[in-house]
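Chemist: The lines below spell out each chain.
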Amino acid sequence: MTAVHPARSIRKRGPDADPDVLRTDALIDALAARRPVGDEHDDPAVRLLQALTADVDQRLSSVSITPST
Amino acid sequence: MTNPYPFTMTTCGIVAGIMRNVTEGCVADAKTGVRLATRSDESDLRDLTSLAVQGDRTAIESLLGQLRPMVVRYCRARLGRVSGHYHIADDVAQEVCIAVLAALPRYRDMGRPFASFVFGIASHKVADALRSSVRSAVPTQDLPDGPDQGPGPEETVVRYIEAEHARALLSRLPDNQRELIILRVVSGLSAEETGNVLGMSPGAVRVAQHRALARLRQMADMESIA
Numbered sequence: 001m002t003a004v005h006p007a008r009s010i011r012k013r014g015p016d017a018d019p020d021v022l023r024t025d026a027l028i029d030a031l032a033a034r035r036p037v038g039d040e041h042d043d044p045a046v047r048l049l050q051a052l053t054a055d056v057d058q059r060l061s062s063v064s065i066t067p068s069t
Numbered sequence: 001m002t003n004p005y006p007f008t009m010t011t012c013g014i015v016a017g018i019m020r021n022v023t024e025g026c027v028a029d030a031k032t033g034v035r036l037a038t039r040s041d042e043s044d045l046r047d048l049t050s051l052a053v054q055g056d057r058t059a060i061e062s063l064l065g066q067l068r069p070m071v072v073r074y075c076r077a078r079l080g081r082v083s084g085h086y087h088i089a090d091d092v093a094q095e096v097c098i099a100v101l102a103a104l105p106r107y108r109d110m111g112r113p114f115a116s117f118v119f120g121i122a123s124h125k126v127a128d129a130l131r132s133s134v135r136s137a138v139p140t141q142d143l144p145d146g147p148d149q150g151p152g153p154e155e156t157v158v159r160y161i162e163a164e165h166a167r168a169l170l171s172r173l174p175d176n177q178r179e180l181i182i183l184r185v186v187s188g189l190s191a192e193e194t195g196n197v198l199g200m201s202p203g204a205v206r207v208a209q210h211r212a213l214a215r216l217r218q219m220a221d222m223e224s225i226a
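Protein sequences, first through last, are from chains A and B.
Using our numbering, the first residue of the first sequence is number 1, and each one after it goes up by one.
Using our numbering, the first residue of the second sequence is number 1, and each one after it goes up by one.
If you're looking for bench data, these hints aren't it; they were derived computationally from the structure.
Hints are not guaranteed to be accurate.
[Claimed, not checked] Listed next, the stretches of chain A that the computed footprint assigns to chain B, with coverage defined by at least 3 CB atoms under 8 Å from CB atoms of chain B:
| hint | segment |
| --- | --- |
| 1 | 17-23 |
| 2 | 27-39 |
[What the hints assert, rightly or not] Facing chain A, from chain B, some residues (calculated, C-beta under 10 Å):
| hint | residue |
| --- | --- |
| 3 | 81 |
| 4 | 86 |
| 5 | 103 |
| 6 | 107 |
| 7 | 151 |
| 8 | 158 |
| 9 | 159 |
| 10 | 160 |
| 11 | 182 |
| 12 | 188 |
| 13 | 206 |
| 14 | 216 |
| 15 | 223 |
[Said to hold, decoys possible] So the derived label-pair ranges between C-beta atoms look like this:
| hint | chain 1 | residue 1 | chain 2 | residue 2 | range |
| --- | --- | --- | --- | --- | --- |
| 16 | A | 22 | B | 84 | 36 to 42 Å |
| 17 | A | 38 | B | 224 | 18 to 24 Å |
| 18 | A | 39 | B | 192 | 26 to 32 Å |
Glycine included, C-beta positions come from ideal geometry on N, C-alpha and C.
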C-alpha cells in the first residue's frame, strides 16, 4: 500500500477539502446559527464575531416602519 | 398591462402595512437569533419567491419576514451605530426591503438563490448610505413607557466596545473578505448563497473565510500583545 502525503491529497481534492478549512466552515456555521462553539471561546476572532452578532441581534425598543426623511 | 398586485407599489401606506407585519416578526427573530428564523430552506424560499413574484400577498409578507432579519443584521454590521443607535442601519434595511418589494414584479428566477438578489440590492444601498451625508441626521429615541428588559448599562457598554472592536478589525480586512464574513456570520447566508452574491464558488468561499478568520485572529492577537 502506498502512503499518500496529506498535502498531496488536498491538492487533488481541492483546497476547500482541507480539514482546517472544513473546521472553519463548521465554526462559521455555528456562529451564524448563534450556537455555542465549544472550546473555541478562547479564540479572539470568535469572541469578537460573537460580540458583533450579539450587538446586531439586539432588540430595539422601536424599529422605524418607513425610512427617515 | 394590468397590475397583478392588489396594491400600487408606490402607495406608501400599503407598503408600510406589509412592512409593519414583517418588522414585528423580525424583531422577535433577531432577539432569539435562531438560524431557522434567519435562513429558510432554499427550495421553500424559491417556492415562496415564485408565489410572491406572481403577486401573492401572503407569500410577499412571508418572504420579506424571512429575509428582513438577515438584511437588518447585514446593514447593522456594515453601517454600525450612529450616536449609539442603529437608526440609520435599520432605515437602510427598510429601504432594501422596499426596493426588493418594488423589484419583485421584474424578478426572474435564473437559478441563483433569491438571497443573492436581495444582498446585491443591500450592498448597493449600504454603499449609497456610506457615501451620503444622511448619517449626520440622528433621530432621538423615544423614552420607554415601562422598565427596560434589555441588558444593563455595564453589559451594554462591554458589548458595544467589543462589537466596535470587531468592526474596526473587519474594516482592515480586504473588501471581499469583510463582505464575506458579514454575509456568512452576521446575515447567516450559506457558502453557496454567499458565493452567488460575491461571484465565487462555494469552495472558494470556504477557503476565503478560512483565510479571513485566520487574519482576524492574527490581528486580534497582535493587538493583545501590543
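Chemist: Can you verify the interface hint for residue 160/B: is its Cβ closer than 10 Å to any Cβ in chain A?
Modeler: Result: holds, 7 Å to nearest chain A Cβ.
Chemist: Can we keep the residue 107/B interface hint, with Cβ of chain A closer than 10 Å?
Modeler: Hint violated; residue 107/B Cβ to chain A Cβ min 22 Å, cut 10 Å.
Chemist: Per the hint of 18 to 24 Å, is the separation of the Cβ atoms of residue 38/A and residue 224/B within bounds?
Modeler: With a Cβ separation near 22 Å, residue 38/A and residue 224/B satisfy 18 to 24 Å, so the hint holds.
Chemist: Taking the closest Cβ pair, is residue 151/B under 10 Å from chain A?
Modeler: The hint holds - residue 151/B has a Cβ within 10 Å of chain A, the shortest such distance being about 8 Å.
Chemist: Minimum Cβ distance from residue 81/B to chain A below 10 Å?
Modeler: Hint holds; residue 81/B Cβ to chain A Cβ min 8 Å, cut 10 Å.
Chemist: So, residue 182/B near chain A? Judge it on the closest CB pair being under 10 Å.
Modeler: Cβ of residue 182/B sits 9 Å from chain A, so the hint holds.
Chemist: Holds or violated: the hint that residue 216/B contacts chain A, with Cβ atoms closer than 10 Å.
Modeler: Residue 216/B check passes; min Cβ-Cβ to chain A is 4 Å, inside 10 Å.
Chemist: Under 10 Å, Cβ to Cβ, is where residue 86/B needs to be relative to chain A, so tell me if that hint holds or is violated.
Modeler: With a minimum Cβ separation of about 7 Å from chain A (threshold 10 Å), the hint on residue 86/B holds.
Chemist: Return the status of the interface hint for residue 103/B: holds when the least beta-carbon distance to chain A is below 10 Å, violated otherwise.
Modeler: 16 Å, violated
Chemist: Taking the CB of residue 22/A and the CB of residue 84/B, does the distance hold inside 36 to 42 Å?
Modeler: At 39 Å between Cβs, range holds.
Chemist: Within the assertion that chain B covers the segment 27-39 of chain A, do at least three residues meet a Cβ-to-Cβ distance smaller than 8 Å?
Modeler: Since three or more residues must qualify, the claim that chain B covers the segment 27-39 of chain A holds, with 7 doing so at under 8 Å.
Chemist: Min Cβ distance, residue 206/B to chain A: is it shorter than 10 Å?
Modeler: 4 Å, holds
The structure does not agree with the numbered hints 5 and 6 stated previously, though it agrees with the rest.
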